[in-house]
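Undergrad: Here's the letter readout for the chains.
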Amino acid sequence: MKEEGKHKKAKKYGMVINLDACTGCGACMVACMAENNVPFKEDESNKLDSIAWMRVYKLTNGKSYPEADICYLPRPCMHCEGDHGHSPCVSVCPATATDYNHDTGIVSQIYTRCFGCRYCMVACPYHARYFNWWDPVWPEGSTKYLSPNVSPRMRGIVEKCSFCFHRYQLAMDKAYVEGRTVLEENEYQTSCTQACPAGAITFGDLNNPEHKVHQLAKPDNKHGGRPGNPNVFRLLERLGTNPKVYYMSSREWVRRAGDNYLGDEDFAKTHRH
Amino acid sequence: MKIGRRSFLSFVIGGAAGSAFTPLPWKLIDDSSIWSQNWPWTPVPSDGEYSQKNTVCTLCPGGCGITVRKVDDRAVKIEGMKGHPVNAGGICLLGLSGLQLLYGPTRVKSPLKRVGERGEGKWEKISWDEAISEVAKNLAEIRSQGESHAVGAIVNSDKGTVSNLFKRFLTAYGSPNFMTTPSIQDSYRMTISLMQEVNAQAGFDVENADFILSFGSGIIDGWGSPVRMFKANSAWKAEGKKVVQIESRLSNTAAKSDKWIPINPGTEAALALGLANVIITNSLDSKKISQSTGFESFKKLVQNEYSTDKVSKITGINSTAIVSLAKNFAQASKPLAICGKGQGSAPGSLDEFMAVHALNALVGNINEEGGVWAVSEPDYIKWSDPELDSVASTGVQKERIDGAGSEYLHATSLLNRFPEVINSGEGYPFKALFVSDANPLYSMPDSKAIKAAFKSIPFVVSFSSYMDETASNADLILPNHVYLERYEDVPTLAGLSKPIVGLARPVVKPQFNTKHVGDVIMLMAKALGGKIADAFPWDNYEACLKETLGIKWDALVENGFEFNGDKCMLEGDFNFYPEAMKSLSDFSPVSIEGSALSYPLILMPYDSIRLANGYIGDPPFAIKAVEDTVLKGKDAYVEVNPKTGKELGLTQGRHAFLYTPRGKAKVKVNLYEGIMPGIVALPRGLGHTAYDKYLADKGCNFNELIGSVEDQVSGLDAAWGIRARLTKV
Numbered sequence: 001m002k003e004e005g006k007h008k009k010a011k012k013y014g015m016v017i018n019l020d021a022c023t024g025c026g027a028c029m030v031a032c033m034a035e036n037n038v039p040f041k042e043d044e045s046n047k048l049d050s051i052a053w054m055r056v057y058k059l060t061n062g063k064s065y066p067e068a069d070i071c072y073l074p075r076p077c078m079h080c081e082g083d084h085g086h087s088p089c090v091s092v093c094p095a096t097a098t099d100y101n102h103d104t105g106i107v108s109q110i111y112t113r114c115f116g117c118r119y120c121m122v123a124c125p126y127h128a129r130y131f132n133w134w135d136p137v138w139p140e141g142s143t144k145y146l147s148p149n150v151s152p153r154m155r156g157i158v159e160k161c162s163f164c165f166h167r168y169q170l171a172m173d174k175a176y177v178e179g180r181t182v183l184e185e186n187e188y189q190t191s192c193t194q195a196c197p198a199g200a201i202t203f204g205d206l207n208n209p210e211h212k213v214h215q216l217a218k219p220d221n222k223h224g225g226r227p228g229n230p231n232v233f234r235l236l237e238r239l240g241t242n243p244k245v246y247y248m249s250s251r252e253w254v255r256r257a258g259d260n261y262l263g264d265e266d267f268a269k270t271h272r273h
Numbered sequence: 001m002k003i004g005r006r007s008f009l010s011f012v013i014g015g016a017a018g019s020a021f022t023p024l025p026w027k028l029i030d031d032s033s034i035w036s037q038n039w040p041w042t043p044v045p046s047d048g049e050y051s052q053k054n055t056v057c058t059l060c061p062g063g064c065g066i067t068v069r070k071v072d073d074r075a076v077k078i079e080g081m082k083g084h085p086v087n088a089g090g091i092c093l094l095g096l097s098g099l100q101l102l103y104g105p106t107r108v109k110s111p112l113k114r115v116g117e118r119g120e121g122k123w124e125k126i127s128w129d130e131a132i133s134e135v136a137k138n139l140a141e142i143r144s145q146g147e148s149h150a151v152g153a154i155v156n157s158d159k160g161t162v163s164n165l166f167k168r169f170l171t172a173y174g175s176p177n178f179m180t181t182p183s184i185q186d187s188y189r190m191t192i193s194l195m196q197e198v199n200a201q202a203g204f205d206v207e208n209a210d211f212i213l214s215f216g217s218g219i220i221d222g223w224g225s226p227v228r229m230f231k232a233n234s235a236w237k238a239e240g241k242k243v244v245q246i247e248s249r250l251s252n253t254a255a256k257s258d259k260w261i262p263i264n265p266g267t268e269a270a271l272a273l274g275l276a277n278v279i280i281t282n283s284l285d286s287k288k289i290s291q292s293t294g295f296e297s298f299k300k301l302v303q304n305e306y307s308t309d310k311v312s313k314i315t316g317i318n319s320t321a322i323v324s325l326a327k328n329f330a331q332a333s334k335p336l337a338i339c340g341k342g343q344g345s346a347p348g349s350l351d352e353f354m355a356v357h358a359l360n361a362l363v364g365n366i367n368e369e370g371g372v373w374a375v376s377e378p379d380y381i382k383w384s385d386p387e388l389d390s391v392a393s394t395g396v397q398k399e400r401i402d403g404a405g406s407e408y409l410h411a412t413s414l415l416n417r418f419p420e421v422i423n424s425g426e427g428y429p430f431k432a433l434f435v436s437d438a439n440p441l442y443s444m445p446d447s448k449a450i451k452a453a454f455k456s457i458p459f460v461v462s463f464s465s466y467m468d469e470t471a472s473n474a475d476l477i478l479p480n481h482v483y484l485e486r487y488e489d490v491p492t493l494a495g496l497s498k499p500i501v502g503l504a505r506p507v508v509k510p511q512f513n514t515k516h517v518g519d520v521i522m523l524m525a526k527a528l529g530g531k532i533a534d535a536f537p538w539d540n541y542e543a544c545l546k547e548t549l550g551i552k553w554d555a556l557v558e559n560g561f562e563f564n565g566d567k568c569m570l571e572g573d574f575n576f577y578p579e580a581m582k583s584l585s586d587f588s589p590v591s592i593e594g595s596a597l598s599y600p601l602i603l604m605p606y607d608s609i610r611l612a613n614g615y616i617g618d619p620p621f622a623i624k625a626v627e628d629t630v631l632k633g634k635d636a637y638v639e640v641n642p643k644t645g646k647e648l649g650l651t652q653g654r655h656a657f658l659y660t661p662r663g664k665a666k667v668k669v670n671l672y673e674g675i676m677p678g679i680v681a682l683p684r685g686l687g688h689t690a691y692d693k694y695l696a697d698k699g700c701n702f703n704e705l706i707g708s709v710e711d712q713v714s715g716l717d718a719a720w721g722i723r724a725r726l727t728k729v
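Here the protein sequences line up with chains A and B, keeping their order.
Numbering follows the numbering used here, in which position 19 of the first sequence is assigned residue number 19; successive positions increment by one, without gaps.
Numbering follows the numbering used here, in which position 640 of the second sequence is assigned residue number 640; successive positions increment by one, without gaps.
Just chain A, with the same shape it has in the complex (with noise of 0.2 angstroms):
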C-alpha cells in the first residue's frame, strides 16, 4: 500500500471555464444551491450577503453603442494553491476551519470549526466566502428536498464552495468498494459542471494529462501553474494565489478584465508566459 501510496501522483482537481461558451444562464448557481443546501431569504438583491458559491459576473467592455459587449464571468470558489498549499484563506484560519487538501487540491471549509472572525472572507481576493449573518431559514415544508451529504450551515459561520467535495467522497467510496484507488475523469464531477447546458465547465485533475483540464489549460506546475494555453488565464494572476480555476476567451478585452493593468500597461507583454 505504501508502495502504491509513493507512485501516485497527488491530485489537483480544478476548473477551466470557457467564457465563449458561457451563456450567463445561471444554471450553474442554481445547480450549485440546489446541491449544496444553500439558503435564501427574502430578498437576495444585495448580492454582499445574499450567499452564492457560484456567482456569475457580467462584464462589460466599457465601450459606447453600438461597440459595447458583455461577457459573463461564472466565480466559483477558486482553491488556491498559494505557493505550497498557503492559500490566502487557509494561511489566516485560526480555528482550521479551512484547510488544503494536499490529496486533491480542494480548499476546504469545515463548519462546526468556524467561529465567524472572518478573516478568510478578507484575506480573499475573490468575494468567494460568505458569511451567515442569519440563520437560514427554510419555509414550510421545503426542509424536504435538503440533500444529507451536505450540512446545513448555521448564523455566525463562513461558507463557500467546495467543488462538491461530498461528490468526491461518494465517488471514492464506490471506486473502493470496487476495489480502486483512481477515479475515472467522469466519476467525479461538480455539480455546477454537470448542470451547465452550454458545457462551458469543465473540471478534471490538472496534473492528469489525460484529463481535459490539463490539456485546455496547459498549466505550468513549475511557475505556479500559470496556463500555457495564450487564451486562457487566471484571475488576479499576478495576487501569485496560484487559483486552480482557469477561464478560456478569444476575446482579449475578456482576458483582460481578468486582472488589473494599468493604462499604458501592455497587456500582451504581461501576459505571455
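The hints are simulated quantities; they were obtained by calculation from the structure and are not laboratory data.
Some hints could be false.
Claimed, not checked - A short, non-exhaustive set of chain B residues, derived as facing chain A with CB atoms under 10 angstroms:
id, residue
1, S32
2, P45
3, S46
4, D47
5, Q100
6, I219
7, S234
8, A596
9, Y599
10, P600
11, R610
12, T629
To be verified - Each computed SDA-like pair below joins lysine to any residue, with the alpha-carbon atoms no more than 25 angstroms apart:
id, chain 1, residue 1, chain 2, residue 2
13, B, K70, A, S151
14, B, K259, A, E140
15, B, K242, A, D69
16, B, K242, A, E67
17, B, K509, B, K498
18, B, K634, B, L648
19, B, K53, A, Q169
20, B, K77, A, G199
21, B, K242, A, G199
22, B, K77, B, N54
23, B, K646, A, G199
24, B, K526, B, K546
25, B, K237, A, K222
26, A, K144, B, G119
27, A, K174, B, T67
28, B, K259, A, S151
29, B, K634, A, E140
30, B, K53, A, S151
31, B, K237, A, K174
Just so you know, even glycine gets a beta-carbon here, dropped at the ideal spot from N, CA and C.
Got chain A sorted already, so can you dock chain B onto it with the hints?
TA: Just chain B now, with coordinates in the frame of chain A:
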C-alpha cells in the same frame, strides 16, 4: 513560603508554558463553537436509501428529460437526464429549482372555495366531492339555460391527453371555446399553412445549420427548447459556425453571436425582404425554387419595394452591411433564418414570419438538412369523436368568442382577443371559465383588460397547483398534482426537428390533497351524466393514458421518451406569395400604441432565462440568481442608453416613472450601452402579485404596461412594444 523573584518568574513562565501545551483552551473554543452551532432549528437532513427516477420537466414547453435524485421518499435534487435527445444531460435554472415548487409554500394544498371577495384571499377548504358537485351544479345550470357555448377553457397547449380531455369535455358539454396560451408556434403554424399548405409545426434543424440568422430570437435567452438551443449554440461555436443576431438590444444572444446588427425595432420583415432582394438580384438563390408558385410575384415585390437603399432607411442598417449579410447568408452551405422575438412568448407579426420563411425558401433550406422542417403534429391520440346530445351539438356550432375560425379564418385560438371581446360586450356574455396550466392574469398583455374580463365572468375555476394570480382570482381552485407527482404525456414541439413525446411520471407521492386534472375532468363529466359522461369511457386518467399511448406506453416507461415517428417532414408546394403577403407591398412596421409626441420613447420587453415569465413564476433559487442590475429590493430596472438617460436627466440606479398609454410604473434606471438610444427595455417575469414572498411584489409586470395589437391576417398579438415616457422622480 517566601515568594522571591526567582520563584515568581518560574511560576509565571511555567504557567505560560503549561497553558500553551494544555489542550484545554483550544478544546473550549472548539466546544463552544460546536455548541453554539447545535441549535435545534438548524435542520439535519435525514439519510436513507438513494435512488434515481427519470421523468420529464414540464415547467416550460422545452420538454427536457430530468433525473430526480431521491433519499428514501424525499426528492433532493433534479438533474438533466443523460442521453435524452432534447437536453442530453443539460438543464436550466428553472428546471433545477423544481423541488422548490414541489415542496414550496406556494402549493394549493386542497380544493378551495372562495368565501370573500374575488382576489381577497379568503378561502374555505372543501372536499373533492364537494368541489366536483359545485362545478357540476354550476355547469348543469348554465347548460339548462341553453348557454353551454358560454363556457370556455384556457390551457397551455392543444397537444397531449390532458388538453384533449379538456377539449373533449367542452365538446361533449357543448362549447367551442377551447383556448390556448399563444406563442410563436401559432405564427409558425399559420405561416407554414399559408406558404406550404400543410398543417405542421416548424422544426429547426439547428444542429446541422452552419449560418444562423436570427431576427431577434433569444437563442440563448430561452427561445425554442432552451437547453437544446444552449447546446446547439455551443456546438456552433466549437465548429466555427456563424450566428448573426438582428436586434435593437445587446441581449445575451447578441453578445454571444458572431455579429450583432442593431435594427430599428419592428422593421425585421423589411430586412428579410431586403436580403431576399439582394439574393435574387445577385442570383444567389437556390435554383430549385424558381419554379415555385408565386416566385415571380415575390421577386417583383422585393425588387420594386425592397431595394437596399430603401431597406437601409427603414431598418437603420447601412447598405453595405445588408448586402454583405445577404451574400454571406446565401453563400453559406446550410443557412437558417429564425424569428420570434426573445423566448417567443408573443406571437408577433405574421408578415415577419412569412418574410423570414420566404428567405429560408429562397436559399433552399425548407425540409432540408440544417433548415426549417414542416414537422407533423403528434397523432397518437386516436379517440373516437364523442357522441353529442342536442344541447352539445347546438353549442359547438356557435361561433367561438375569440373569433378564431370565423373572423380570423386561419386561427385556431386567439386568447389575445378574448378580453376585448368580453369587455366590449361584442360577444355573448361568458358564464364560466376553466384555467389549467396557464396564468393569463399575469402573462397576457394588457393585464387591466384581462382582469376586467375575468371580473365579468361569474364562475372561474382554476386547476393550478400553485397560488398564482389566476388562481387567487378564481372562485374555485381544484389543485392539480405537480409535474413530479403525476403521469402525463408531454408531446414536445418547441422547434424540435425530430419532435418527441415524453412521459412525465410520479417521482414522489402527492404531497397534498390534490388530484390529477385528467381525473377531475372525468369526475366532472360523470357528475354531469348523460352523453357527457359517456364521452369518457375510461376508469381514470392513468387508464386513459395507457390506452391512448397503446404500444408506445412500454417504450415510454422504459426510456422516458419516444420519437413521433420516422417520417415527420410534411411535403407541400412552396408558395412564395400567398394572398396574405399582399400587405407587404407597401411596408409599414406594425404600429405600436401611443403618440410619439407625448410618449417619445419606445418600451420593449426583454427575456432572460433567469426569469420565468409563463404560467410558472420564478422559484426562490431562480429569483436569487437574478442580477442586481435587473432587480434591486422591490424595484425593477429599466435599461436606457446613457445618451437617452442624459437627455432625460436620469442617473444610474435612481428611480424614475415609466408611463405608457396602458399604465405606469416606478422603476430604477440602468444606463446600459447595449441598447439603442430612444428605447427603454424592461424584463418580463417580474411584478408578480401572487406566489410567495420570495417572488411577489418585486418589480413590475411588463404586461401591465402594454396592450395587444391584432395582426391583420392572423388575429394574433403582433405588438412588439409600446410608446413610453420616462421621467425622473
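Undergrad: Take the hints in turn and mark each one as holding or not.
TA: To see whether the hints hold, each was checked on the structure:
Against a cut-off of 10 angstroms between C-beta atoms, the interface hint on S32 of chain B holds, since the closest Cβ of chain A lies about 8 angstroms away. A least Cβ separation of about 4 angstroms between P45 of chain B and chain A falls short of the 10 angstroms threshold, and the interface hint therefore holds. At a threshold of 10 angstroms, the smallest CB-CB gap from S46 of chain B to chain A is about 6 angstroms, leaving the interface hint in force. Because the smallest distance between the Cβ of D47 of chain B and any Cβ of chain A comes to about 4 angstroms, under 10 angstroms, the interface hint for this residue holds.
For Q100 of chain B, the suggested interface contact is upheld, since its CB lies about 7 angstroms from the closest CB of chain A, less than 10 angstroms. Interface restraint check for I219 of chain B: the shortest CB-CB distance to chain A comes to about 9 angstroms, inside 10 angstroms, so the restraint holds. Hint status for S234 of chain B: holds, given a least beta-carbon distance of 5 angstroms to chain A, under 10 angstroms. Taking 10 angstroms as the C-beta cut-off, the interface hint given for A596 of chain B is violated, the closest approach to chain A being about 21 angstroms.
Restraint check, Y599 of chain B versus chain A: the minimum CB separation of about 21 angstroms is more than 10 angstroms; hint violated. For P600 of chain B, the shortest C-beta to C-beta distance to chain A is roughly 18 angstroms, which exceeds 10 angstroms, and the interface hint is violated. Given the 10 angstroms rule on beta carbons, the hint for R610 of chain B holds: about 5 angstroms separates it from the nearest Cβ of chain A. Hint on T629 of chain B holds. Least Cβ distance to chain A is approximately 7 angstroms, under the 10 angstroms limit.
Taken as a hint, the K70 of chain B and S151 of chain A pair is honoured in the structure, with Cα atoms around 17 angstroms apart against an allowance of 25 angstroms. For the hint pairing K259 of chain B with E140 of chain A, the CA-to-CA distance comes to about 48 angstroms; that exceeds 25 angstroms, so the pair is violated. Proximity of K242 of chain B to D69 of chain A is assessed by CA-CA distance (about 17 angstroms); at most 25 angstroms being required, the pair is judged to hold. Our distance criterion of 25 angstroms between C-alpha atoms is met by K242 of chain B and E67 of chain A, whose separation comes to about 19 angstroms.
Our distance criterion of 25 angstroms between C-alpha atoms is broken by K509 of chain B and K498 of chain B, whose separation comes to about 32 angstroms. Between the alpha carbons of K634 of chain B and L648 of chain B the distance comes to roughly 23 angstroms, so the proposed pair stays at or under 25 angstroms and holds. With a C-alpha separation of about 22 angstroms, the suggested pair K53 of chain B and Q169 of chain A falls inside the 25 angstroms cut-off, and the hint holds. The straight-line distance between the Cα atoms of K77 of chain B and G199 of chain A is roughly 20 angstroms, inside the 25 angstroms bound, and the hint therefore holds.
With a CA separation close to 18 angstroms, the supplied pair K242 of chain B and G199 of chain A stays within the 25 angstroms bound. Of the supplied pair hints, the one linking K77 of chain B and N54 of chain B holds, its CA atoms being roughly 12 angstroms apart against a limit of 25 angstroms. As the CA atoms of K646 of chain B and G199 of chain A are separated by approximately 40 angstroms, the hinted pair breaks the 25 angstroms bound. Proposed proximity of K526 of chain B and K546 of chain B is supported: the alpha carbons are some 20 angstroms apart, at most 25 angstroms.
At roughly 33 angstroms between alpha-carbon atoms, K237 of chain B and K222 of chain A are farther apart than 25 angstroms, so this suggested pair is violated. With a CA separation close to 30 angstroms, the supplied pair K144 of chain A and G119 of chain B exceeds the 25 angstroms bound. Simply put, K174 of chain A and T67 of chain B have alpha-carbon atoms about 20 angstroms apart, close enough for the 25 angstroms limit, and the pair holds. Proposed proximity of K259 of chain B and S151 of chain A is contradicted: the alpha carbons are some 46 angstroms apart, above 25 angstroms.
In summary, the hint linking K634 of chain B to E140 of chain A is supported, as the alpha carbons are separated by about 24 angstroms, within the 25 angstroms threshold. Annotation: proposed proximity of K53 of chain B to S151 of chain A holds, straight-line Cα distance about 24 angstroms (limit 25 angstroms). With a CA separation close to 36 angstroms, the supplied pair K237 of chain B and K174 of chain A exceeds the 25 angstroms bound.
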